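Use the sequences and the hints to build the structure in full.
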Amino acid sequence: MAALPGALDRALLEELWRASDAAVWGLAREDFDRILLEVGTGWNCGSAEGLQASRQQQAAFFRGLRLADLVLARACAAGNERAWERFIAVYRQPLVRAATAITGSETLGRDLADQLYAELYGLTVRDGKRRCPLHSYRGRGSLMGWLRTTLAQRHVDHHRRTRHEEPIEEFDAPASDPAPGQPAGELSALGRAIEEALEKREAEDRFLLAAYYLDGQTLKQIAGVLGVHEATVSRKLRRAIEEIRKQVLRNLQSSGLSRRAAQDALGADPRDLDVPLKKLLQNSQTETFKEQAAP
Amino acid sequence: MNATMNTGGKHDFHPDAESLSAFAEQALSGRERSQVLAHLAVCGRCRQVVALAQEAGLDADVRPAAAERPAIQPYAWWRSWRFAWIPAAALAASVALAVFVHTRHVDQSAEMAKNERQQVTQPAATPASPAQQERAQAASPVAAPAPAKSQARSFKRTSEGTAPNRPPQESVVTAAMPAEPSAMGRTEATRAEAEPASGATGQGSAGEGSAGERTTATYTPEPAVDAWQERQEKAAAGSEQRRLYAARAAAPTSARGTDGGAAGGSSQQVTVSVDQVAPQAQPAARFATQKNPLAAGIYAGAMKAIHLPSGLAAVSMAEAGHRTLAIDEAGTLFLSVDAGNHWETVTQQWTGRAVEVRAETKYSASATPAARAPANSSNDAGAAPSPASFFEILNDKNQAWLSTDGEIWVAK
Chain A
261 MAALPGALDR ALLEELWRAS DAAVWGLARE DFDRILLEVG TGWNCGSAEG LQASRQQQAA
321 FFRGLRLADL VLARACAAGN ERAWERFIAV YRQPLVRAAT AITGSETLGR DLADQLYAEL
381 YGLTVRDGKR RCPLHSYRGR GSLMGWLRTT LAQRHVDHHR RTRHEEPIEE FDAPASDPAP
441 GQPAGELSAL GRAIEEALEK REAEDRFLLA AYYLDGQTLK QIAGVLGVHE ATVSRKLRRA
501 IEEIRKQVLR NLQSSGLSRR AAQDALGADP RDLDVPLKKL LQNSQTETFK EQAAP
Chain B
421 MNATMNTGGK HDFHPDAESL SAFAEQALSG RERSQVLAHL AVCGRCRQVV ALAQEAGLDA
481 DVRPAAAERP AIQPYAWWRS WRFAWIPAAA LAASVALAVF VHTRHVDQSA EMAKNERQQV
541 TQPAATPASP AQQERAQAAS PVAAPAPAKS QARSFKRTSE GTAPNRPPQE SVVTAAMPAE
601 PSAMGRTEAT RAEAEPASGA TGQGSAGEGS AGERTTATYT PEPAVDAWQE RQEKAAAGSE
661 QRRLYAARAA APTSARGTDG GAAGGSSQQV TVSVDQVAPQ AQPAARFATQ KNPLAAGIYA
721 GAMKAIHLPS GLAAVSMAEA GHRTLAIDEA GTLFLSVDAG NHWETVTQQW TGRAVEVRAE
781 TKYSASATPA ARAPANSSND AGAAPSPASF FEILNDKNQA WLSTDGEIWV AK
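For the record, the sequence lines run as chains A and B.
Sequential numbering from 261 applies to the first sequence in this note's numbering.
Sequential numbering from 421 applies to the second sequence in this note's numbering.
By construction, these hints were calculated from the structure, which means they are not laboratory data.
Note that the structure is a prediction, hence the values are computed from the model and not measured.
Be a bit skeptical, because a hint or two may be false.
[Unchecked claim] So, partial list: chain A residues that the calculated Cβ filter (under 8 Å) puts toward chain B:
1. G306
2. A308
3. G324
4. S396
5. Y397
6. R398
7. S402
8. T409
9. T410
10. A412
11. R466
12. A470
13. Q481
14. V485
15. G487
Cβ atoms here follow ideal geometry from the backbone N, Cα and C, with glycine treated the same way.
Structure, rendered in structure tokens:
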């Protein structure tokens, strides 16, 4: 990707330069081209790893960037006062409101927003260099969306670091006696069938199941994340459950149970099962991020 | 795709904030989106981050307007209700208007009823013509309306202690008129005075008031008002036709009105050709003063309302007792014994084409069809109490057949 700027159409670069209003924030044309090179290289112009994006793909990728937000963020990271004035005027209050909504508390929200704002302003110095998180923004989504997600990340990570173990208020004790006619071998076969069925589900189905049943998100929340209608989420969830049930039945039959026995096994008390559903849904780290984290 | 290191999470590597943000904003390509989705499917932390950011975005969209408001506002409690006053005031005004209109309508109805009773007991107490009205007003202690005031468009009421003046035809018109819209603000008497047939020049007086109070209303009739009255009269005539026809179906003699009211049990002969129906329908609207067109109009409307099994229009109809006969345009005779609700075809027992059917009544015990007398002329109150009715049909050659029940016919 090092040859990316040279491969870019000069007319496209000129078009992007004019559309970005980068000159307003004191960015030189060379700086702008360098930023585009960095962004294009980091995202590989939206193409898969190891593939060279065509000119059309590159043009589509760069035209899809939030150039105005990108140059403003980079100008702020470079310490441009006018850019900061603009940033404060546009994003200061929304930042506080978003933090308040995320934390559920105005005090905590203001603290969270102030902390991020201090970091954004570059008060953090590491290795003798002033660090600004705005450097990591590359214009793929909106700057406000990036700020909100950053706030949410910090809040969740802080919560996970500082939360204390709390006693389980409602302990769901397993059934004392397994139902008669449910031998241990049958239950273990059922557990294996469920594990296999869940592992075979697609990522979207597993996301829906985890978000709905593990996180307790509403259909509306899930629909907002996926950008679809609530009814679509509901329909996909219902279909996923039906298919998992069918798959479990098939797995049980393939393990040697008759159809009748497989159906009877599905009626087992869930508390008798030793199936770590949360583990199944949460513990399979995707290969993409494993690979990228390796270096 | 980028991954950032988070030491506190269950998974060491997660998509960065921009990837998650772009995922929620649908800004990623299909391949990138599926990668993030695959991670979200197994990472509760990132699902939580995305969900929180999404909710914060929704809240931020909703909250700005409220956040811009100052924390403390003087008279905030009142300002919060300021917009509620508008519909409340409109509702109160509507209720007040409805009560006023209803009260006025009730008062007018009560006054009309009172005037009706007075008109019945003193029918000749009021002058009929403008000259008579002027004389009566001059002789009366009640102040006559000034000519200038009579030109005014709206009412002017003055308190009055005497009975209102009414034209002589008022009782007829009032009886025929439907209830007047209260918005017009006029009584039946004033509208009757505005009728051109009354001979008034536009000036008149009428009683109006409530709870014992009487007022005089002066006005000038206008073409628009007259047109409205015309429509009201026509509507009243139509409703009167329907009412009379229904009553006539139940009791055939009641349709005769004042002419045949004393001849209980007698039948009426009505023969109306199709050509006569149209021209007679219009004069029927003037039934208040024209009796014969009224009867013609009533029966023309009645025949129009008949739905014969043949689907053709009735050209002649007669009834006696509880039997009704009708001839359609094709000359087919139909019989109904339930006031026209159901019809049966009568087998043809005559020659030619039946064109007319009549019903006649003879009031002597030994009466024969040949000695019949027309029903319209037998109005004497001393008629025999047990009349004998029979029907007669005429064909296109003016030959007649007789029947007592409408089903069996013999040549005359």
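Comparing the hints with the structure gives:
Below 8 Å, beta-carbon pairs count as interface contacts, and G306 of chain A has one with chain B at about 4 Å; its hint therefore holds. Checking A308 of chain A against chain B: minimum C-beta separation of about 6 Å stays under 8 Å; hint holds. Of the supplied interface hints, the one on G324 of chain A holds, with its beta-carbon coming within about 7 Å of a beta-carbon of chain B, less than 8 Å. For S396 of chain A, the suggested interface contact is upheld, since its CB lies about 7 Å from the closest CB of chain B, less than 8 Å.
Hint on Y397 of chain A holds. Least Cβ distance to chain B is approximately 6 Å, under the 8 Å limit. At its closest, the beta carbon of R398 of chain A sits 6 Å from a beta carbon of chain B; the interface hint therefore holds under the 8 Å criterion. The restraint placing S402 of chain A at the interface with chain B holds, with a minimum CB-CB distance near 6 Å, inside the 8 Å limit. This hint holds: T409 of chain A has a C-beta 4 Å from the nearest C-beta of chain B, less than the 8 Å allowed.
Among the interface hints, the one on T410 of chain A holds; its C-beta lies about 4 Å from the nearest C-beta in chain B, closer than the 8 Å criterion. The interface hint given for A412 of chain A is met, as the beta carbon of that residue sits about 4 Å from the closest beta carbon of chain B, less than 8 Å. For the restraint placing R466 of chain A at the interface with chain B, the shortest Cβ-Cβ distance is roughly 4 Å, inside the 8 Å limit, so the hint holds. For the restraint placing A470 of chain A at the interface with chain B, the shortest Cβ-Cβ distance is roughly 6 Å, inside the 8 Å limit, so the hint holds.
Hint status for Q481 of chain A relative to chain B: holds, with the closest Cβ pair at about 6 Å, below 8 Å. Restraint check, V485 of chain A versus chain B: the minimum CB separation of about 5 Å is within 8 Å; hint holds. For G487 of chain A, the interface hint holds, the least distance from its beta-carbon to any beta-carbon of chain B being 5 Å, beneath 8 Å.
In this structure, every one of the numbered hints holds.
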